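Protein chains in written order, with my numbering: chain Z, 1 to 370; chain B, 1 to 370; chain U, 1 to 339; chain V, 1 to 339.
Treat the hints as calculated values from the structure; they're not laboratory data. Just to be clear, a hint being listed does not mean it is correct.
Stretch-level coverage of chain B by chain V, calculated; a stretch enters the list once three of its residues show a Cβ under 8 Å from a Cβ in chain V [unchecked claim]:
1) 123-137
2) 169-183
In silico SDA-like pairs for lysine to any residue, Cα to Cα no more than 20 Å straight-line [unchecked claim]:
3) K202(B) / K274(B)
4) K350(B) / E259(V)
5) K47(U) / M356(B)
Derived contacts from chain U toward chain Z, CB cut-off under 8 Å, selection only [said to hold, decoys possible]:
6) G81
7) M89
8) E111
9) Y117
10) G121
Just so we're clear, the structure is a prediction, and the values are computed from it rather than from any experiment. Just so it is clear, CB atoms sit at the ideal spot from N, CA and C, and this is done for glycine as well.
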Amino acid sequence: MSLELMTILDKDGKAQKGKDPNLPPEELKKMYRLMVATRALDDRGLALQRQGRIGFYLQSTGQEASHIGAAYAMQQSDWLFPAYRQPGILLLRDVPYEKIIAEWFGNSGDTSKGRQMPVHYSFRQANFVSISSPIGTQLSQAAGAAMAAKARGDDTVFMTFCGDGGTSSNDFHAGLNFAAVYKSPVVFVCENNGWAISVASKNQTASESMAIKAEAYGMPGVRVDGNDILAVYRVCKEAIDRARRGEGPTLVETVTYRIASHSSSDDADRYRDKKEFEAWQKKDPIQRFKAYLKHKKLWNEAFEKECVEGAKDEIMAATKKAEALPPMGPESMFDDVYMNQTPGLKAQKKELHDLMLKGGVGADIGHFPL
Amino acid sequence: MSLELMTILDKDGKAQKGKDPNLPPEELKKMYRLMVATRALDDRGLALQRQGRIGFYLQSTGQEASHIGAAYAMQQSDWLFPAYRQPGILLLRDVPYEKIIAEWFGNSGDTSKGRQMPVHYSFRQANFVSISSPIGTQLSQAAGAAMAAKARGDDTVFMTFCGDGGTSSNDFHAGLNFAAVYKSPVVFVCENNGWAISVASKNQTASESMAIKAEAYGMPGVRVDGNDILAVYRVCKEAIDRARRGEGPTLVETVTYRIASHSSSDDADRYRDKKEFEAWQKKDPIQRFKAYLKHKKLWNEAFEKECVEGAKDEIMAATKKAEALPPMGPESMFDDVYMNQTPGLKAQKKELHDLMLKGGVGADIGHFPL
Amino acid sequence: MTAIKKKSGASETGTKVMTMLEAINDAMRTEMQNDDRVVVFGEDVGKKGGVFGTTAGLFEEFGEARCFDTPLSECGILGAGVGMALYGMRPIAEIQFLDFIYPGFDQIVSEAAKMRYRSGGEYTCPMVIRSPYGGGIRGGHYHSQSSEAYFCHTPGLKVVIPSTPADAKGLLIASIRDEDPVMFLEPKAIYRHAKDEVPLGEHVVELGKARIAREGTDVTILCYGAMVPVCQKAADLAMEEHGRSCEIVDLRTLVPLDEQTILESVKKTGRVVVVYEAPKTGGFGGELSAIIAEKAIEYLEGPIVRVAGFDTPFPYALEHLYMPDPKRVAAGIEKTFVW
Amino acid sequence: MTAIKKKSGASETGTKVMTMLEAINDAMRTEMQNDDRVVVFGEDVGKKGGVFGTTAGLFEEFGEARCFDTPLSECGILGAGVGMALYGMRPIAEIQFLDFIYPGFDQIVSEAAKMRYRSGGEYTCPMVIRSPYGGGIRGGHYHSQSSEAYFCHTPGLKVVIPSTPADAKGLLIASIRDEDPVMFLEPKAIYRHAKDEVPLGEHVVELGKARIAREGTDVTILCYGAMVPVCQKAADLAMEEHGRSCEIVDLRTLVPLDEQTILESVKKTGRVVVVYEAPKTGGFGGELSAIIAEKAIEYLEGPIVRVAGFDTPFPYALEHLYMPDPKRVAAGIEKTFVW
Ligand SMILES: Cc1ncc(C[n+]2csc(CCOP(=O)(O)OP(=O)(O)O)c2C)c(N)n1
Ligand SMILES: Cc1ncc(C[n+]2csc(CCOP(=O)(O)OP(=O)(O)O)c2C)c(N)n1
Ligand SMILES: [Mg+2]
Ligand SMILES: [Mg+2]
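Just chain Z, same shape as in the assembly (with noise of 0.2 Å):
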């Protein structure tokens, strides 16, 4: 197994001879439109949260290029697992900007209903299924739908990411070693960006890196660095073609870097080097492409603005729309507990709404129709 970082373009955007995977001019674009839009959505959310606006946020700046190129190469029939830093598939698989800025206010236009923390994401029009916060839980749940698509002869591929501290998880352990007894048509994306909230990466393992992980499994694995979306797709449509062909799972390892802190309720200043963050923030995925795009003479000043003033735009224009959506009722918290409501459920539904009519509890909702 090889541990060498697979590299297509070099520090100042150049193709390695050979490497280039050639894409028609309207991907490549596509493809950096999708970054800079992720970069934008990003720093709307963290404003958001900083004034207030919204009660939490959750960066990926510096990881767009290994996420979107991850699950470029996918159809849209395929789907993912996601975890919580992978926002720019949303945008990939044309989730609009207004569902997903919902989200974070957790009102009525949330297709999650409010019910979980901003970014925990759940868009079944695009195959992207609901996020949860515990690491790791999303991996055996891919090598089970996968288990189950080759079960019934459906050529659904499924892709699904974790974190370098998502390595530790029962459920890579679990998840990997399931989809390598049963081949099934699964990939499995870690993006190790050196950090989990405060533990670098080198004390969350021993193993030389993440991909030499996969020999446990008896699956390939694959070092590819995550701020060279090329590479990241080369690799990723390997593995994406490779599962769809029934030669069973990969795991892949991006190599990237956290740029921001955790979330915004974190502080890497208190536990992480300013040299190591300022090296990491020279290799910016988006400048990187796009000194690519600049070689291959596809981008120019109209280009760029079109897709940075383009992006800011609908996301203002989405957040303030979404931001007006009326909240949840409170009759929706009883909902969605199972199919139907069991009478326990019921009952407790008239108890919350006979105490907000009375004017006590939640008096400043009033009451809800029962």
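Position chains B, U and V with the ligands against the provided structure of chain Z, taking the given hints into account.
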């Protein structure tokens, strides 16, 4: 990492050139005696179960070289975190037969006070930690104990066991990862006996071997012929020495075979090919080592008789003594839940006491002193 | 993806005497014939047919794609099961003993139970988790525990426990057809002892309906699983020795609970004994007491008595004293008359 | 191995105003100074000082050998903790949020809880598992749950929940010194809000003793953790609006439970409200109701009312309606007067 199978004795018991550890005759004879005694103990256990005198038994037949060889190089002060198929280590550590057998009967001679099923031993005097049924839990515990010993500056080494099935457990992943991250003095021995009840080890994982899983944790992994006690001894001695020198953990895979059914509750004929079983029977580790001793002129009929009959007689006598011991009293049920009985447990004890006194519940036992 | 519902080959009618083991096996076979989204998997469920034999013959009849062994990982079994359910299958995950479910507990309480809710109804997890539970086979510490209370306290899960072969079949089929995750806990003590007429072919017992296992007027006994036959014997004793007429309510489903049947019985008799084998403190029986003490206390003519396992880990040698037996339950019944 | 007990450097006396966070931090520092077997570990407890700051400064003061970060594995944290305890340390394992404990649940319920029992007392597991729990910080689904009931139903574990800074310190020190595994659950909602005088230096609050947080004569309110201040406000409301005199019992330790204090209060007032934030069904409050209904029903003058979280997963946007608040508790108090 080498996937080669480390072997010393060929199938006729000849040591390969340059590989014989040349242990002193007395050590070699002790090894043989331990293997034979372990087999005899196992035979007795199953017989007692078949006679309905004990409720359950689980054999280690065919794995004597694997576990005795592994633990042989430890010091008495080193700790064991066993699985349930290493009874020979009790003999190695001088636990009296009567104590072992009393555990099967779960009576007042049992160090565990009849609280667990047969073969779930606990012998503090032997630094042999209480066995539990859930697969794998000892692995992360061993890592933790080793972390503690290292932090205290003790030179204790830890050895822990699991089966091929155990490699799929959460604690395998967590235990090996922790041990490697903290470079703790622990040797992980995976006894790959081909089966996890009815699941063949090739269906347990798609990896090329169990030893190679060490790569995932950045520790050395070694594959050794588990029916060759000298090979197992040598590999584990190196791993133990390494651990004691502060160089961290090792994963050792002993390749062996479960000759018996999984336990007295199982019938391997329902799922296992007879041919496979017969082929392995020919590789009996005791016969192989006997041949070696013969080559070394350390074996004769008198020695054989002394080993075999000696063990049988002692085990017979111990069985008689152990079986005759009185059962645990009902009051003991409420002990050892906590160091001190809580008021609630005291009340429950009294409740049972009063019920029994009235002659209802447990009428066959009578009452117990409060 | 569409469910490929086949008509069950034979439209069987009539009944047959079965053990609970056989009834459970029959339920799975029936649904596997009926709905090809149903798959059964777990440790040793294939060729071996399960350590108790509940899956015997399924591997042979439906092949490896629909009845298969897994690696030794409850985390994997349950995580994969959740994934299969998300993708549209009807997975039945067998956990060999309930005592071994904890390595996969996270997938149940954090994932399966919350999937529908957290995704606003977009993703669902129609999955059955089957597992033998409870004492009575001299299995000691780790082959005997009754931890239904953990699951009952986890919104999003349903919890089903049969006490007769016919119910086992009917409730299991209902569980497989249910759109939500169901913990289907099998009282292993009576796997073979419970033997009775079971309807052949299609047989569904609706979840959420308790069963009056014996009618009576003086005391209500609330119980489930292997405690039902114990309570039957206790009721006989109570009648013989003290002339007490006991009404036995077999809960059948703990979540959703049939509060109505419970409260009606309690209001009628005015006395309650709650029986369960789990450790007394924090057991589901405490919830039953609490419901009654909140909603029907004015009808009570005595204390709500609980007869349960003691607050110790499950013992091996003393199992027979640990578990509630007819005499202990009978003593509990008498306590409800001491005000 | 022997414990190397050092005399605490400074023999501090007096008190200081601390938040609950600071009190917990102070407890660990005090015991780490006092007993070098005490080590603290978990995710982000080192340089970062914990996501809430409970371990702030410990890494700096005691070094990496005694306060260290772990890989992201609750299974590893708890399994390693059990191993350390077996070897003679006094491990304090921090679980970042109680919601994340399940990957390591097996090590708690199957191992730590049963070690002493299953080994006949040969091996013990004196370990403290600390974890913030409960709602009130808008943490949604996975940063808000109260699952104390799972642990209370697991014989072999002690379960401790403080509601004041002084208790947090005293109970944590008692837990660290305890010879059995202790779940020390920290009500994160009041980490910073609870602020009070805390004794400096050695301060031990015995496990198993409830605290009368307010004396009263009409109704007993049983509660713990972050619900204690909520109940205080509810008691004020009940007095203002209806002239009810409430007695508040702050349980402090759920296992072992101070039944005596509970029953004495109930016998005195004849009315009970049980308050907890966990989902109502199967919550520990049900156990409290059951104990009272079994042992003191003849003293009751009204139903035993429970005010609890609803039987849904913990919501994000509607958290304020999900959790019991003073008005909901006050309404519960009134219900005990409706017979
Ligand atoms: C089981 C579990 N334990 C702890 C946490 C708290 N937690 C949230 S994110 C995180 C670090 C994750 O690191 P990594 O997997 O590298 O992903 P990244 O945040 O770097 O993308 C931790 C410890 C959690 N969410 N789940
Ligand atoms: C967590 C858990 N799941 C399931 C079981 C049931 N079980 C007992 S032994 C066993 C197979 C173990 O196989 P392996 O690890 O290879 O050990 P071996 O029996 O071959 O020595 C299983 C599945 C268990 N004890 N614990
Ligand atoms: Mg990371
Ligand atoms: Mg095996």
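Quick rundown of the hints versus the structure:
no.	hint	result
1	123-137	holds (count 7)
2	169-183	holds (count 8)
3	K202(B) / K274(B)	17 Å, holds
4	K350(B) / E259(V)	16 Å, holds
5	K47(U) / M356(B)	46 Å, violated
6	G81	6 Å, holds
7	M89	5 Å, holds
8	E111	5 Å, holds
9	Y117	5 Å, holds
10	G121	4 Å, holds
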